[in-house]
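**Q** The residues making up each chain are set out below.
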Amino acid sequence: MSVPAPAATQFVEEHPIDTLLRADRFPHILCPACGIGSVIHCYVQAISESGIDKAQHVCVSGIGCSGRAAGYINVDSYHTTHGRAVPFALGIAVYRPELCVTVISGDGDLSSIGGNHLIHAARRNVNLNIICINNFNYGMTGGQAGPTTPVSAKSSTTPFGSWERPFNLPHLAHAVGASLVSRWTVLHARQLKQTILKAMHKQGFAFIEVLSPCPTGFGRPNDRGDGIEDMRRYRQRCVIDDEAYLPDIDIDITDDTSPIVVGNFVDIDRPPFQPVLGAPRREVAKVLAENANQRTRSRESVGHEH
Amino acid sequence: MPGTVSATASTPPRVMTGEHFMVGDHACAEGALAAGLDFFAGYPITPSTEICERLAHRLPQVGGTFVQMEDELGSIAAILGASAAGARTLTATSGPGFSLMMENIGLAAMMEIPCVIVDVMRGSPSTGLPTLVGQADVFQARWGSHGDYGIVAYSPSSPQECFDLTIRAFNVADRLRIPVFVLMDEVIGHMTERVVIPPAQQIPRVDRKRPSHEPGDAVFLPFKADADLIPPMAHAGEGYNVHFTGLTHDERGYPALNAQTHEQLVTRLVNKVAVHAPEAILTEEVDLDDAEVVVVAFGCTARSARRAVAMARQQGVKAGLLRLISLWPFPEERVRDLGRRDAVKRFVVPEINMGQMCREVERLTHLPVQSINRAGGAMITPQSILEVLVS
Amino acid sequence: MSTETTQNGPVQIRIAGYGGQGVILTGMLLGKAASLYDAKEAVFTQSYGPEARGGASSADVVISSDPIDYPLVTEPDILVTLFQEAYSKYRSSLKPGGTLIVESDLVHTNGDANVAGLPASRMAETIGRRIVANVVVFGYLVGKTGVISKEAAIKAIEATVKPKTYELNLKAFSAGYARATEESGRE
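Chains as they are written, first to last, in our numbering: chain R, 1 to 306; chain Z, 1001 to 1391; chain F, 2001 to 2187.
Don't take every hint at face value.
Unchecked claim - Capping the alpha-carbon separation at 35 Å, the derived lysine-lysine pairs in DSBU-like fashion look like this:
# : chain 1 : residue 1 : chain 2 : residue 2
1 : F       : 2164      : F       : 2150
2 : Z       : 1224      : R       : 54
3 : F       : 2095      : Z       : 1318
4 : Z       : 1272      : Z       : 1209
5 : Z       : 1209      : R       : 54
6 : R       : 54        : Z       : 1272
7 : R       : 54        : R       : 202
8 : R       : 54        : R       : 198
Hints were generated in silico from the structure; no laboratory data involved.
Produce the complete structure using the sequences and hints provided.
**A** Written as structure tokens, this is what we have:
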């Protein structure tokens, strides 16, 4: 008879979040020291703590390294076209309002090619959780500049340094109507998971920017060192300020003397986008039973909030 | 239920059974409602706007969802998302918007997400003639997104067919798991005629094939096709943990970026429409039995062609009409057969474009194919077709 | 003068006016009456060009006992013009021997032969509201040409207008219809 091993050294076959990952797809395609894996971990941790049935979680992504996240998460997942994750997710979230729909994608996918959808989904307050992984460049295709690339940063399409003003994404999201706006880095794993959890339970549009190292695409041309260097920078430079004045929280990632303001900036309650009059789909009889007055009233009450 | 009765009196039912004098765009919207449309996302554009407007009014009243999106890129993406979650979905547009939808039409083909897309064709290219007729989007509907894939497209010639073919489009889309197009032209979309809507229980419905396995059953492979080349479809939120991607994928739905998987997948996407073509193809034949000259026409041009054929017969010319009700798949066998007949001497293809469908006819026959074209803005008149028939 | 239109071949009708005169509704009523209540075939089309706003706009209806293939009006058997520009634009399209109806207060026909004129707007004002002038014209057209039955026309009005304006529209129709029948009685 074998003696049971002491509890402290017990070998477990499964990690608690194993069932939330598509282990049969590993090894993944991400580079060493990339931050996307940390974000995936925070997301699946949030799923496991959400109290929402796993089958109710849906993950949608666009194109890019961050867009591959959906493919590693073992919930219903949709890897769509470049820039269109948000309207694809809108279709799911509006048709099945009971589902918890999260978009994980990159800064370029969401704010450049998908920028129009981002601002309109926020304006409508569509019940979506947006996790925008910002690594300041298009990493998958070899490090081209995007709308978040800092002024003077080099990339394969800004060989003399970028001279465009980059987006301040939390400020943008707030300005166009997001109900929840946060910024963290992949160093802030616990805060990030907590914010994702909050977003999962919030009815409305939640926008979470996550700064992430991209040692291959962004780090190398800008002498940023490896991912560990970036994590050190996050630790040294990040200032948590939930009350920050959002127009002032631009990031200059290449200036190591400037602070990076992170935190949960916005958390307001606004009625979520709900274009269905009355009862759920197919329950036609129930909808017909709603009298016209009720419909008018519900329309008015939504109208007042805008 | 008294409440139901009073509400019904003020709210038309989902299926507006009865006879109506209805414009084509509205008939299309009513066809979608009768087919069980759950979710519409669109961006208004002339001359399809009346479809959007009608559904903005009608769809929420019968428990469906209407969303006016920020653009056509968003419209097509939203209907794919909703369809992936189990909805019957529609969008309606015209040339410029149709062009914007092309990338995600390819995604629909690749992910095998059913949806119906109405394109009311206007004078083109570019902004062209927003309020006037064109028929120049037929090849875009077939080949507009990059790569090889199969689709089905219908082209109504009357408001009644706008109603009937929209229903059929939903059934074919769900049956084959493909995007299906209703290619109306501006004349048909803006023409008002009698439309007979049958009782709700007489509306045919073919639903998409669903998994026979329970959620959690590891045996279920979401993209493993049955013998009919169509995989059963699991929807978001059902617990199957499906993965859908626009990347080349294996039967699990996982990206598999190699030539062998790509060959298998793309071949199946093309073949599944090809093998089911007989179910999808619809034509109407007028006076073809003894015809020496065969007119091939669709949409509003088929109405002119019908008149021209009758006029030619009065003048002793044995003309006949093959009306294309489905444009894609093209009725190859039928055209080949007609071309082999001893009586048939030539084909005439009138269309409001610079010569598109005539190419399909040309590749299927050695007989002369006479093209009658105009760039757009007005119908081709019966007289101008007659001149070619009697020449 | 009377156009006893043949009940077999298609009859082409064009109603032309400017925006706000209700020509589209008139065409709609005509087509609906023929198609749904007179067991005939009817196609209704309208001009959708930029000229539909402000300038001359037209409602075209083809009515036939047989299925209609070509849907457009090319040579109207019946032409109704409700203002001068529409008259000038479309007068020459009228089929020889066809019926021409004009709003006599707004169209000068300069001695055009065989014109049936009626002051539809003034008649509508007498009835109560100028806005129903188009329905006065509709009644006159039906009474004058018999292209559709009176019963079908009234059913179409009932099925189309808002219930609370039905009585007013019916009065307008009757006034136009009565004028046409009185005229034919005089002949």
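**Q** All hints are to be evaluated individually against the structure, with a verdict given for each.
**A** Evaluation of the provided hints:
1. F:2164 x F:2150: It holds: about 21 Å lies between the C-alpha atoms, which stays within 35 Å.
2. Z:1224 x R:54: holds (24 Å)
3. F:2095 x Z:1318: holds (30 Å)
4. Z:1272 x Z:1209: holds (14 Å)
5. Z:1209 x R:54: holds (24 Å)
6. R:54 x Z:1272: holds (33 Å)
7. R:54 x R:202: At roughly 17 Å apart (the allowed maximum being 35 Å), residue 202 of chain R and residue 54 of chain R satisfy the hint.
8. R:54 x R:198: Holds - the C-alpha atoms of residue 198 of chain R and residue 54 of chain R are around 16 Å apart, at most 35 Å.
When each numbered hint is compared with the structure, no violation occurs for any of them.
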